[in-house]
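Participant: These are the residues of each chain, in order.
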Amino acid sequence: MARMKFLCDADRCIECNACVTACKNEHEVPWGINRRRVVTINDGKPGERSVSMACMHCTDAPCAAVCPVNCFYTTADGVVLHSKDLCIGCGYCFYACPFGAPQYPKVGNFGSRGKMDKCTFCAGGPEADGSKEEYEKYGANRLAEGKLPLCAEMCSTKSLLAGDGEIIAQIYKERVMKRGYGSGAWGWKTAYRETIET
Amino acid sequence: MASFARLIRLTVGAWAFLLVISVAGPSSAQQINPTASSVKEQQLLQELDRIQGRVSIPDQRSGVLEQPAGREWREFRNVTLRWVGGVAILGVLAALVIFYLSRGMVRLEIGRSGRTIVRFTAFERFVHWMTATCFIVLAISGLNITFGRPLLLPLIGFEAFSEWSQWAKYAHNYLSFPFTIGVVLIFLMWIGGNIPNKVDVDWIKRGGGLVGHDHPPAYRFNAGQKAIYWIVVVGGVLVAATGYELMFPFYLSGIEGMQLAQMIHSIVAVLFVAAMLAHIYIGTIGMEGAFEAMGAGAVDVNWAKEHHSLWLEEQNARTGDARSQPAATLAE
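Which chain is which? The protein sequence lines are V and D, in order.
Going by my numbering, 87 is the number at position 87 of the first sequence; the sequence numbering is gapless.
Just add 1000 to wherever you are in the second sequence, counting from 1, and you've got my numbering.
Treat the hints with caution; some may be incorrect.
[Unchecked claim] Which residues of chain V face chain D? A partial, calculated answer using Cβ under 7 angstroms:
no.	residue
1	Arg-49
2	Leu-86
3	Tyr-95
4	Gly-100
[Claimed, not checked] Some residues of chain V that are not near chain D, with every Cβ distance over 10 angstroms (derived):
no.	residue
5	Ala-2
6	Glu-15
7	Asp-43
8	Phe-94
9	Glu-133
10	Lys-147
11	Leu-148
12	Met-154
13	Glu-197
[Claimed, not checked] In silico DSBU-like pairs for lysine-lysine, Cα to Cα no more than 30 angstroms straight-line:
no.	chain 1	residue 1	chain 2	residue 2
14	V	Lys-24	D	Lys-1040
15	V	Lys-173	D	Lys-1198
16	D	Lys-1205	V	Lys-45
17	D	Lys-1040	V	Lys-189
18	V	Lys-106	V	Lys-132
19	D	Lys-1205	V	Lys-178
20	V	Lys-84	V	Lys-132
21	V	Lys-24	V	Lys-106
22	V	Lys-158	D	Lys-1205
To be clear, the hints were calculated from the coordinates, so they are not data collected in a lab.
No residue lacks a Cβ here, since even glycine has one placed at the ideal position from N, Cα and C.
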């Protein structure tokens, strides 16, 4: 079985935000929620760098560990998913997440965070693959159709890679070897407790 | 002549071109890193506890790229808090059981007089019970968040536990408002009797009547009750303030502030629950005649003599009751 991961080759990211838009459109993500975002560090200054970030589908995921109702599960592909039927919207996964992935729709006044929403690695949720219920709650299930996450698939500079960890690490290594530099796999140490040796 | 000059020009031009090529050649084989000066992840993580930048989407809070501090918060929430809470609450419960088995109920030594004296007005009792009811619901729903997953979830299953936790969360959020009002009213209406003074030192030295069968004198509130009062006021303010910070995310602070708020909220809350267990014990099965004070609002005069002799004197002086006896003799 594959171990699905994201890898943002920050040396290639041009902050076009196409991944953000693609994700929003593919999954009909509600207003106010962005499952993926592009963060620009040192914007407009020398040393500026942009990184596309979403849920990294961590190994030993902190969100799953702190959830009071245990609504998270990891698929055979290593994708961290959750059940919106079980989620109580307490906000704990958000405190624990190193990547700011969990977000909550505001469903009312004080204290009523709605059901948590986050990147699913285009793998839907606990409902039947490709069902209407699954689409409404979690968005498209591209993995079940044999496709990879749309954000990476349509990245204009192929900065964002998604797929089996070993394969995308190999692609990244070859790139770094060929061009002679690389800023490393952002977030990998925090998410997977490993880095890519180049 | 003209063709010769052209030939010279061409030759010189060709040599110059070749020179340029030969100079540029080696450098073009070398790779240039256009982002060599750009920030590196490790370097940022070493300098700061989180990496932040700018985003072009409206949600500016998502500008935090990474905050590995979540890991420490996870350790606190899953390990530290469960240990502190478990030891504090079970420790107090065990101590109360041992105390009850060895000491039993603190009885009225001279029996009941049959006459009563008003101890708490209807308004005071209303405030007390409103706060108390809210506190119990808040405590149970709060403990559910910390201990429910390992203790209750395996017993009732995912769906039932999630349903219960959802309602518990609503109760926790909404009952925080009457609870906060209750804490404020408690602070205001009983502050007068709860300023520590010399009598408290003596009361504590003599074991407060809990250790042995002594009855040290006390005004309306003895040192133990004053301790409970200040635990309620200080603890209540802390849980309310941190609780509202969590209830209204991003109004007061970012993610690091919410992690800190959750830590203060939960630690103060479990200690608060442990302290209130002792308060509930002494107000019910721990002491004869104590519950009436907050139940019916009036206590037996002999109870007042034994436990709050100075207060009884004050009350009698106010109402002109000559039958009261000097505190010194009562204290024996």
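Participant: Evaluate each hint against the coordinates.
Facilitator: Right, here's what the structure says about each hint:
1. Among the interface hints, the one on V:Arg-49 holds; its C-beta lies about 4 angstroms from the nearest C-beta in chain D, closer than the 7 angstroms criterion.
2. Interface restraint check: V:Leu-86 against chain D, minimum CB-CB distance 4 angstroms, threshold 7 angstroms, status holds.
3. Residue-level restraint check for V:Tyr-95 holds (minimum Cβ-Cβ distance to chain D is 5 angstroms; threshold 7 angstroms).
4. Proximity of V:Gly-100 to chain D holds as hinted, the smallest CB-CB distance being about 5 angstroms (cut-off 7 angstroms).
5. Every beta carbon of chain D lies more than 10 angstroms from that of V:Ala-2, the smallest distance being close to 25 angstroms; the non-interface claim holds.
6. The beta carbon of V:Glu-15 is not kept farther than 10 angstroms from every beta carbon of chain D, the shortest such distance being approximately 7 angstroms.
7. Distance check for V:Asp-43 against chain D: the nearest CB is about 4 angstroms away, which does not clear 10 angstroms, and the non-interface claim fails.
8. Listed as a non-interface residue, V:Phe-94 fails to keep its Cβ farther than 10 angstroms from every Cβ of chain D; the least gap is roughly 8 angstroms.
9. For V:Glu-133, the shortest C-beta to C-beta distance to chain D comes to about 16 angstroms, beyond the 10 angstroms cut-off, and the non-interface label holds.
10. Distance check for V:Lys-147 against chain D: the nearest CB is about 25 angstroms away, which clears 10 angstroms, and the non-interface claim stands.
11. Non-interface call for V:Leu-148 relative to chain D: holds, since the shortest CB-CB distance, roughly 23 angstroms, exceeds 10 angstroms.
12. Every C-beta of chain D lies more than 10 angstroms from that of V:Met-154, the closest at about 18 angstroms, which supports listing it as non-interface.
13. For V:Glu-197, the non-interface assignment is confirmed: its Cβ lies about 14 angstroms from the closest Cβ of chain D, beyond the 10 angstroms cut-off.
14. Of the supplied pair hints, the one linking V:Lys-24 and D:Lys-1040 holds, its CA atoms being roughly 29 angstroms apart against a limit of 30 angstroms.
15. For the hint pairing V:Lys-173 with D:Lys-1198, the CA-to-CA distance comes to about 75 angstroms; that exceeds 30 angstroms, so the pair is violated.
16. For the suggested pair D:Lys-1205 and V:Lys-45, the alpha carbons sit about 67 angstroms apart, so the restraint of at most 30 angstroms is broken.
17. For a cut-off of 30 angstroms, the pair hint linking D:Lys-1040 to V:Lys-189 stands: about 13 angstroms separates their Cα positions.
18. Straight-line distance between C-alpha atoms of V:Lys-106 and V:Lys-132 comes to about 23 angstroms, which keeps the hinted pair within the 30 angstroms bound.
19. Of the supplied pair hints, the one linking D:Lys-1205 and V:Lys-178 is violated, its CA atoms being roughly 80 angstroms apart against a limit of 30 angstroms.
20. Between the alpha carbons of V:Lys-84 and V:Lys-132 the distance comes to roughly 15 angstroms, so the proposed pair stays at or under 30 angstroms and holds.
21. A threshold of 30 angstroms between alpha carbons decides the hint, and for V:Lys-24 with V:Lys-106 the separation of about 17 angstroms falls inside it, so the pair holds.
22. The suggested pairing of V:Lys-158 with D:Lys-1205 is violated, with an alpha-carbon distance near 76 angstroms, which exceeds 30 angstroms.
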